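Asks: Sequence:
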Amino acid sequence: MRLLSYFILHKFSFISLFICFGIFSANNLTAKKGINFYHGSYQEALEKASSEKKLVFVYLYADWCGVCKSLKKNTLKDKEVGNFYNDEFISIALNAEKGEGQKIAKSIGLQSYPTLLFLDGGNGRILNRVSGYKTPIQLINLGKVYTKN
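Count along the sequence shown from 1, add 76, and you get the number used in my numbering.
By construction, these hints were calculated from the structure, which means they are not laboratory data.
All of these numbers come straight from a predicted model, not from anything done at the bench.
No residue lacks a Cβ here, since even glycine has one placed at the ideal position from N, Cα and C.
One or more hints might be untrue.
Claimed, not checked - DSBU-like mimics (lysine-lysine), calculated; alpha carbons at most 35 angstroms apart, straight line:
1) K220 to K109
2) K149 to K220
3) K210 to K124
4) K179 to K145
5) K129 to K224
6) K182 to K149
7) K174 to K155
8) K109 to K145
9) K109 to K148
10) K130 to K149
11) K182 to K129
12) K179 to K148
13) K109 to K224
14) K149 to K129
15) K179 to K153
16) K109 to K174
To be verified - Here are the simulated distance ranges between beta carbons:
17) N159 to N204: 17 to 25 angstroms
18) E128 to V221: 30 to 38 angstroms
19) I213 to K145: 18 to 26 angstroms
20) E176 to L203: 15 to 23 angstroms
21) T223 to G116: 27 to 35 angstroms
22) N162 to R205: 19 to 27 angstroms
23) Q187 to V221: 31 to 39 angstroms
24) K145 to N217: 19 to 27 angstroms
25) K149 to K129: 24 to 32 angstroms
26) D163 to V206: 13 to 21 angstroms
27) S127 to G208: 14 to 22 angstroms
28) R201 to G142: 28 to 36 angstroms
Turn these sequences into a full structure, and let the hints guide you.
Replies: Put into structure tokens, the structure is as follows:
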């Protein structure tokens, strides 16, 4: 009898563990979404924005930059920021010290990280350039300056 109750207790504990794991996994899936960054080239992002009649948001960062990491974690992954920017912009994140990001950083005379660019999707003209950490509401308000929302 003791063996049977021991077996039932462990089986119940095992099932409970899986249920809890499932609940926490589901919460992680619905948690923060944030900005969906385009994974093509800079030029392709401009073309996509032009065809969709959207603006372009460029996030220039460096791997070693602590402020960049905070911005990414706290602002760029914010649900409300993602909802707004995913509707209004084609967004691209570029490492300003490598490849295409380095070329763009040099062409604009980048001096600090992170740098955020707001571009006209039709021609790539810089509408605004902002550096440093921004809270979610600050970033949404910056974007609203150039959109109808």
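Asks: Give a verdict on every hint.
Replies: A quick look at each hint next to the structure:
1. K220 to K109: Holds, at roughly 20 angstroms.
2. K149 to K220: 21 angstroms, holds
3. K210 to K124: Judged against 35 angstroms, a Cα distance of about 26 angstroms means the pair holds.
4. K179 to K145: The hint holds at about 21 angstroms.
5. K129 to K224: 12 angstroms, holds
6. K182 to K149: Distance of about 26 angstroms is within 35 angstroms: holds.
7. K174 to K155: Roughly 28 angstroms between the alpha carbons, so the hint for K174 and K155 holds.
8. K109 to K145: Between K109 and K145 the Cα gap is close to 16 angstroms, so the pair holds against 35 angstroms.
9. K109 to K148: 12 angstroms, holds
10. K130 to K149: 25 angstroms, holds
11. K182 to K129: 27 angstroms, holds
12. K179 to K148: This hinted pair holds, its Cα atoms lying about 22 angstroms apart.
13. K109 to K224: The given pair, whose Cα atoms are some 23 angstroms apart, holds under the 35 angstroms limit.
14. K149 to K129: Holds, because 28 angstroms separates the two Cα atoms, which is no more than 35 angstroms.
15. K179 to K153: 26 angstroms, holds
16. K109 to K174: Within the cut-off at roughly 26 angstroms; holds.
17. N159 to N204: 17 to 25 angstroms: The hinted range 17 to 25 angstroms holds for N159 and N204, with Cβ atoms some 21 angstroms apart.
18. E128 to V221: 30 to 38 angstroms: Violated: the Cβ-Cβ distance is about 20 angstroms, outside 30 to 38 angstroms.
19. I213 to K145: 18 to 26 angstroms: 20 angstroms, holds
20. E176 to L203: 15 to 23 angstroms: 20 angstroms, holds
21. T223 to G116: 27 to 35 angstroms: With Cβ atoms ~22 angstroms apart, the hint is violated.
22. N162 to R205: 19 to 27 angstroms: 22 angstroms, holds
23. Q187 to V221: 31 to 39 angstroms: 23 angstroms, violated
24. K145 to N217: 19 to 27 angstroms: 22 angstroms, holds
25. K149 to K129: 24 to 32 angstroms: 31 angstroms, holds
26. D163 to V206: 13 to 21 angstroms: For D163 and V206 the Cβ distance comes to about 20 angstroms; the hint holds.
27. S127 to G208: 14 to 22 angstroms: Since S127 and G208 have Cβ atoms about 32 angstroms apart, the given range 14 to 22 angstroms is violated.
28. R201 to G142: 28 to 36 angstroms: 31 angstroms, holds
Consistency note: the structure conflicts with the earlier hints numbered 18, 21, 23 and 27.
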